[in-house]
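Chemist: Could you put together the complete structure from these sequences and hints?
Chains A and B, in that order, are what the protein sequence lines are. In terms of numbering that gives the first Met the number 0, the first sequence has 377 at position 378, counting the first letter as 1, and numbering is strictly consecutive. In terms of numbering that gives the first Met the number 0, the second sequence has 9 at position 10, counting the first letter as 1, and numbering is strictly consecutive.
Treat the hints as calculated values from the structure; they're not laboratory data. In this text the structure is predicted, and so the values were computed from the model without any measurement. Here a beta-carbon is modelled for each residue, glycine too, at the ideal position from N, C-alpha and C. Honestly, I wouldn't trust all of these hints.
DSS-like, lysine-lysine: derived pairs with alpha carbons at most 27 Å apart [unchecked claim]:
1. K341/A to K441/A
2. K191/A to K164/A
3. K36/A to K95/B
4. K95/B to K79/A
5. K287/A to K191/A
6. K246/A to K164/A
7. K76/A to K95/B
8. K76/A to K341/A
9. K341/A to K67/B
10. K67/B to K95/B
11. K67/B to K96/A
12. K248/A to K164/A
13. K36/A to K164/A
14. K341/A to K287/A
15. K164/A to K96/A
If you anchor each label on the Cβ, the simulated ranges turn out as follows [unchecked claim]:
16. I49/B to K246/A: 19 to 29 Å
17. D43/B to A544/A: 53 to 63 Å
18. S29/A to A33/B: 49 to 59 Å
19. A420/A to T39/B: 22 to 32 Å
20. A420/A to R30/B: 17 to 27 Å
21. A33/B to E359/A: 45 to 55 Å
22. I49/B to D102/A: 31 to 41 Å
23. Q54/B to P156/A: 28 to 38 Å
24. R30/B to D525/A: 36 to 46 Å
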Amino acid sequence: MYQYNDFDSAFLAERNVQFRAQVERRIDGSLTEDEFKPLRLMNGLYLQLHAYMLRVAIPYGTLSANQMDKLALLAEKWDKGYGHFTTRQNIQYNWPKLNDVPDMLDALAEVNLHAIQTSGNTIRNVTADHFAGAAADEVADPRPVAELIRQWSTDHPEFQALPRKFKIAVSGALENDRAVIKAHDIGLYIVKNDAGELGYQIVVGGGLGRTPMIGKTLKEFVKQEDLLSYLEATVSVWNLLGRRDNKYKARIKITVHEHGIEEIRQRVEDRFQLIRPTFGGFDVALLKDIEAFFANPEFKSASTDGYTATYDADPLFRSWADANLAAHKNADYSIVTISLKKHGDTPGDASADQMRAMAELARQYGHDELRISHEQNVILPHVHKSDLPVIYAALREQELHTANIGLISDIIACPGMDYCALATARSIPVAQEIATRFDDLKLEHDIGHLQIKISGCINACGHHHVGHIGILGLDRAGVENYQITLGGDATNTAAVGQRVGPGFAYDEIVPAIERTVQGYLELRQDQNETFIQTFNRVGMAPFKAYIYPEAQANAA
Amino acid sequence: MARAFTPKVITANHLLEGDVIYMTDTGEWTRQMAEAVLLTDEADADVRLIEAQQQAATTVGVYLADAKADENGNPSPTHFREEFRRVGPSNYFHGKQAEA
Chain A
0 MYQYNDFDSA FLAERNVQFR AQVERRIDGS LTEDEFKPLR LMNGLYLQLH
50 AYMLRVAIPY GTLSANQMDK LALLAEKWDK GYGHFTTRQN IQYNWPKLND
100 VPDMLDALAE VNLHAIQTSG NTIRNVTADH FAGAAADEVA DPRPVAELIR
150 QWSTDHPEFQ ALPRKFKIAV SGALENDRAV IKAHDIGLYI VKNDAGELGY
200 QIVVGGGLGR TPMIGKTLKE FVKQEDLLSY LEATVSVWNL LGRRDNKYKA
250 RIKITVHEHG IEEIRQRVED RFQLIRPTFG GFDVALLKDI EAFFANPEFK
300 SASTDGYTAT YDADPLFRSW ADANLAAHKN ADYSIVTISL KKHGDTPGDA
350 SADQMRAMAE LARQYGHDEL RISHEQNVIL PHVHKSDLPV IYAALREQEL
400 HTANIGLISD IIACPGMDYC ALATARSIPV AQEIATRFDD LKLEHDIGHL
450 QIKISGCINA CGHHHVGHIG ILGLDRAGVE NYQITLGGDA TNTAAVGQRV
500 GPGFAYDEIV PAIERTVQGY LELRQDQNET FIQTFNRVGM APFKAYIYPE
550 AQANAA
Chain B
0 MARAFTPKVI TANHLLEGDV IYMTDTGEWT RQMAEAVLLT DEADADVRLI
50 EAQQQAATTV GVYLADAKAD ENGNPSPTHF REEFRRVGPS NYFHGKQAEA
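Modeler: What follows is the structure in structure tokens.
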């Protein structure tokens, strides 16, 4: 893992001293709220529905065991004993007090964590494939370049007052996008050219929110040594062209849409040619240095017979292994996804005890590494198969053994109106009810791969547009109302889901989802055809008949 | 014809703790909506809002929220958002529901 140097540590310490003084000046009246608000947002501190919320960055989703322990400490000491992992690979604390936040930031800095650029009109926390460095299918580990981008973008003087927030994601697996690359302002796929050189395919102008758009390829191949100057040119062009007259049109996706990808490409090329000479090679040298921190851990050699025996003998372990393990580049190892989606629990929440337990597993069996996925789960990226039975047993003790990764109860849900000041309806209880309902029906494994994503407002933090089934909560004349979209896709074949029709009241949405899934079970060709495959084959109309049976009956 | 004025309460978040507060009839701040003053006169509401906004050492984000009198004559929410602010989140027994 990357280790911060003295400069990084001093930077965090100085920043926290500044913020402590700013908090003191707000409390003693020297600063008005209007003056203080941008300062607190620069340090990840929001004011939400019931309390402040502190959003902590987890750069490219990577954590050490000590860092996870520190997140647990914050939850226990300054919050209500839990934290909420988000679709941006951040963790949010929902109940801090203003006076305590400087202490929380100091505690984070002890393990090189912070809340910088988790808010505001700047380049946000850089996200990456949560299987980075471990996946069998990746071209290269995306974390070194994500770290390089983090260093370049942190407090970048040109990009502290952008038209709007700006999100960058990196994937090293072109064919298996696990980072929703095409729904980011800039998405990078690490690719190889015909000469076998590593470089980057640059995707620009993706994003969800009120105007969902799938990103377009800005350039098929950018050399490693040109990356930062190309990114700087791209953000710079948008900084100039971006719509500051209307916050809803200020994202780069609108700029690309209004000007066209050809004009944007030409402007970026022009800017790139101008600034390229100012990048004197230090960035390339830095990337090489960073790569050394992400070298493979020392994989052990041991028999996997114990794993095989347990797999054959224990159906519960087998069910968990089938759902929650992924192929590692070392055949004797597995990638373990720990579900934070126990049926009926809040998606993405982990208690302090659970965080400590996961940290200890990483320390003992996982080469001291954890990842946070944009799907709100936790990953142990490097686990020898012989250790899987004991890990499963430890997870059971913490109720972290739910075998549902990629299944219908592995739901992404934003905090919604239960916490968020922007929300127009709740998300969490809808997710809880769907998960509980399908657990009761014992249909989950028969249904197979199906992604439900729920947002409590049009800003789409729950990624509902790219859910196979998307749910958007809205306020309709003072009551919660939920729209369903179908056919969204978050992978390298990304697509925005289509709205089905009129929305549903709060107590109608779970039955509507149940009818949708029932329709799939009846429409699918066989058990191997997934929900999204069935939808893409038959289209909206047959599903609509299941979702609105009364309309169907009236039309008959 | 002048539009009818919907009764209001003055609400905000507390500067230090961030939790939801309401203005009482005496101009103090309370955590309980039932103890808030229900303002039925528009001019009175506007004046009290200005007074509340001047208390920046205590409050953040002061605004007028629609309300109605419940069976006891106390203010209660007319919109589900204000109901969640009054009670707390639905996934944990946290917030005001735990403090009551």
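Chemist: Would you mind marking each hint as holding or not holding in the structure?
Modeler: Hints, verified against the model:
1. K341/A to K441/A: Judged against 27 Å, a Cα distance of about 14 Å means the pair holds.
2. K191/A to K164/A: violated, 30 Å
3. K36/A to K95/B: holds, 25 Å
4. K95/B to K79/A: holds, 14 Å
5. K287/A to K191/A: Given that 27 Å is the threshold and the Cα spacing comes to 17 Å, the pair holds.
6. K246/A to K164/A: holds, 10 Å
7. K76/A to K95/B: holds, 20 Å
8. K76/A to K341/A: holds, 25 Å
9. K341/A to K67/B: Violated, at roughly 39 Å.
10. K67/B to K95/B: holds, 20 Å
11. K67/B to K96/A: violated, 31 Å
12. K248/A to K164/A: This hinted pair holds, its Cα atoms lying about 12 Å apart.
13. K36/A to K164/A: holds, 16 Å
14. K341/A to K287/A: With a Cα-Cα distance of about 41 Å, the restraint between K341/A and K287/A is violated, given a limit of 27 Å.
15. K164/A to K96/A: holds, 25 Å
16. I49/B to K246/A: 19 to 29 Å: Since the Cβ atoms of I49/B and K246/A sit about 27 Å apart, the hinted range of 19 to 29 Å holds.
17. D43/B to A544/A: 53 to 63 Å: holds, 55 Å
18. S29/A to A33/B: 49 to 59 Å: Since S29/A and A33/B have Cβ atoms about 35 Å apart, the given range 49 to 59 Å is violated.
19. A420/A to T39/B: 22 to 32 Å: holds, 27 Å
20. A420/A to R30/B: 17 to 27 Å: About 18 Å separates the Cβ atoms of A420/A and R30/B, which means 17 to 27 Å holds.
21. A33/B to E359/A: 45 to 55 Å: holds, 46 Å
22. I49/B to D102/A: 31 to 41 Å: holds, 35 Å
23. Q54/B to P156/A: 28 to 38 Å: holds, 37 Å
24. R30/B to D525/A: 36 to 46 Å: violated, 58 Å
Of the numbered hints stated above, those contradicted by the structure are hints 2, 9, 11, 14, 18, 24, listed in ascending order.
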